[in-house]
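Colleague: Sequence:
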Amino acid sequence: MCKINDNLKEQQVMEWYELYYKDIYRFIFFMLGDRQYCEDLVHDTFLRAYTSFVNFEERANIKTWLFSIAKHLVVDEIRRRKRRRIFSLFSEGHDIASSINIEQYIEHRDTVERSLKAIQQLKPDYRLVITLKKIEGCSTKEIAEILGWSESKIRKTLSRGLAALRRKDIAEGGGHYEQTF
19 MCKINDNLKE
29 QQVMEWYELY
39 YKDIYRFIFF
49 MLGDRQYCED
59 LVHDTFLRAY
69 TSFVNFEERA
79 NIKTWLFSIA
89 KHLVVDEIRR
99 RKRRRIFSLF
109 SEGHDIASSI
119 NIEQYIEHRD
129 TVERSLKAIQ
139 QLKPDYRLVI
149 TLKKIEGCST
159 KEIAEILGWS
169 ESKIRKTLSR
179 GLAALRRKDI
189 AEGGGHYEQT
199 F
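Just so you know, the sequence shown maps onto residues 19 to 199 in the working numbering.
Keep in mind the hints are simulated off the structure, nothing from the lab. It is possible that part of the hints are untrue.
When the alpha-carbon atoms are kept at most 25 Å apart in a straight line, the in silico DMTMM-like pairs for lysine to aspartate or glutamate are as follows [as the list claims (entries may be wrong)]:
1. Lys159 <-> Asp187
2. Lys81 <-> Asp94
3. Lys81 <-> Glu33
4. Lys27 <-> Asp52
5. Lys135 <-> Asp187
6. Lys159 <-> Asp143
7. Lys40 <-> Asp62
8. Lys152 <-> Asp58
Simulated restraints on C-beta separations [to be verified]:
9. Gly166 <-> Phe71: 12 to 22 Å
10. Arg98 <-> Tyr39: 21 to 31 Å
11. Arg98 <-> Tyr68: 14 to 24 Å
12. Thr69 <-> Ile188: 37 to 47 Å
13. Ile188 <-> Asn79: 37 to 47 Å
14. Gln29 <-> Glu190: 45 to 55 Å
15. Lys40 <-> Lys159: 20 to 30 Å
16. Ala189 <-> Leu37: 12 to 22 Å
17. Arg184 <-> Glu28: 16 to 26 Å
18. Gln30 <-> Asp58: 38 to 48 Å
19. Lys27 <-> Glu190: 30 to 40 Å
20. Asn73 <-> Tyr39: 36 to 46 Å
21. Gly155 <-> His90: 16 to 26 Å
22. Gln139 <-> Gly166: 22 to 32 Å
By construction, the Cβ of each residue, glycine as well, lies at the ideal position given by its N, Cα and C atoms.
Generate coordinates for the entire structure from the input sequences, incorporating the hints supplied.
Modeller: Here it is as structure tokens:
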């Protein structure tokens with residue numbers, strides 16, 4: 019019977035993988051900007067979902083739960099990098115997996131690259147909320163569930179994060195992030 023449960027569990031996690039791989043990958047990529055760790059953290063997200071399968075409670079939807087797992091892995095990686103003083107930069111020549119269509123991406127590549135670099139220079143909380151809201155399109159309620167914060171805190175953090183981006187934009191000559199966000 020345990021073997022059947024393992025097979026069902028594996029099948030369910032593989033379905034989630036098929037459905038949410040791109041979303042989780044994009045989220046982690048925008049948070050870290052580092053392809054080397056991105057694939058590993060996506061894999062770790064689904065591995066943790068598999069090992070924690072019995073702990074999944076139907077209170078949240080599966081996408082929210084997976085983003086929560088990914089968020090914890092990303093925050094741990096940011097802490098490790100901070101301790102080691104490693105700062106990743108976006109390297110030119112790589113495509114960005116995102117929901118932006120290819121024509122927009124090619125047309126606005128410089129803006130996307132500047133936005134990615136700017137987001138990665140924000141405080142981790144701002145980075146989390148902006149990435150989940152503006153890039154992944156999560157609702158305020160979903161973000162609150164993922165981060166374990168109140169919706170009010172999500173709105174305030176988003177507002178402050180976007181203000182920090184605007185201040186950075188003004189300092190760099192202006193006009194870049196208003197188009198993106």
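Colleague: For each hint, tell me whether it holds in the structure or not.
Modeller: So, going through the hints one by one against the coordinates:
1. Lys159 <-> Asp187: Given that 25 Å is the threshold and the Cα spacing comes to 28 Å, the pair is violated.
2. Lys81 <-> Asp94: Between Lys81 and Asp94 the Cα gap is close to 20 Å, so the pair holds against 25 Å.
3. Lys81 <-> Glu33: Cα-Cα ~12 Å, so holds.
4. Lys27 <-> Asp52: This hinted pair is violated, its Cα atoms lying about 30 Å apart.
5. Lys135 <-> Asp187: At roughly 11 Å apart (the allowed maximum being 25 Å), Asp187 and Lys135 satisfy the hint.
6. Lys159 <-> Asp143: It holds: about 16 Å lies between the C-alpha atoms, which stays within 25 Å.
7. Lys40 <-> Asp62: holds (14 Å)
8. Lys152 <-> Asp58: Status holds; Cα separation ~24 Å.
9. Gly166 <-> Phe71: 12 to 22 Å: holds (20 Å)
10. Arg98 <-> Tyr39: 21 to 31 Å: For Arg98 and Tyr39 the Cβ distance comes to about 24 Å; the hint holds.
11. Arg98 <-> Tyr68: 14 to 24 Å: At roughly 23 Å between Cβ atoms, Tyr68 and Arg98 fall inside 14 to 24 Å, so the hint holds.
12. Thr69 <-> Ile188: 37 to 47 Å: holds (46 Å)
13. Ile188 <-> Asn79: 37 to 47 Å: Given range 37 to 47 Å: holds, Cβ gap about 38 Å.
14. Gln29 <-> Glu190: 45 to 55 Å: For Gln29 and Glu190 the Cβ distance comes to about 49 Å; the hint holds.
15. Lys40 <-> Lys159: 20 to 30 Å: holds (22 Å)
16. Ala189 <-> Leu37: 12 to 22 Å: violated (40 Å)
17. Arg184 <-> Glu28: 16 to 26 Å: violated (46 Å)
18. Gln30 <-> Asp58: 38 to 48 Å: violated (22 Å)
19. Lys27 <-> Glu190: 30 to 40 Å: Given about 48 Å between the Cβ atoms, the range is violated.
20. Asn73 <-> Tyr39: 36 to 46 Å: Cβ of Asn73 to Cβ of Tyr39: about 21 Å, so the range 36 to 46 Å is violated.
21. Gly155 <-> His90: 16 to 26 Å: holds (21 Å)
22. Gln139 <-> Gly166: 22 to 32 Å: holds (25 Å)
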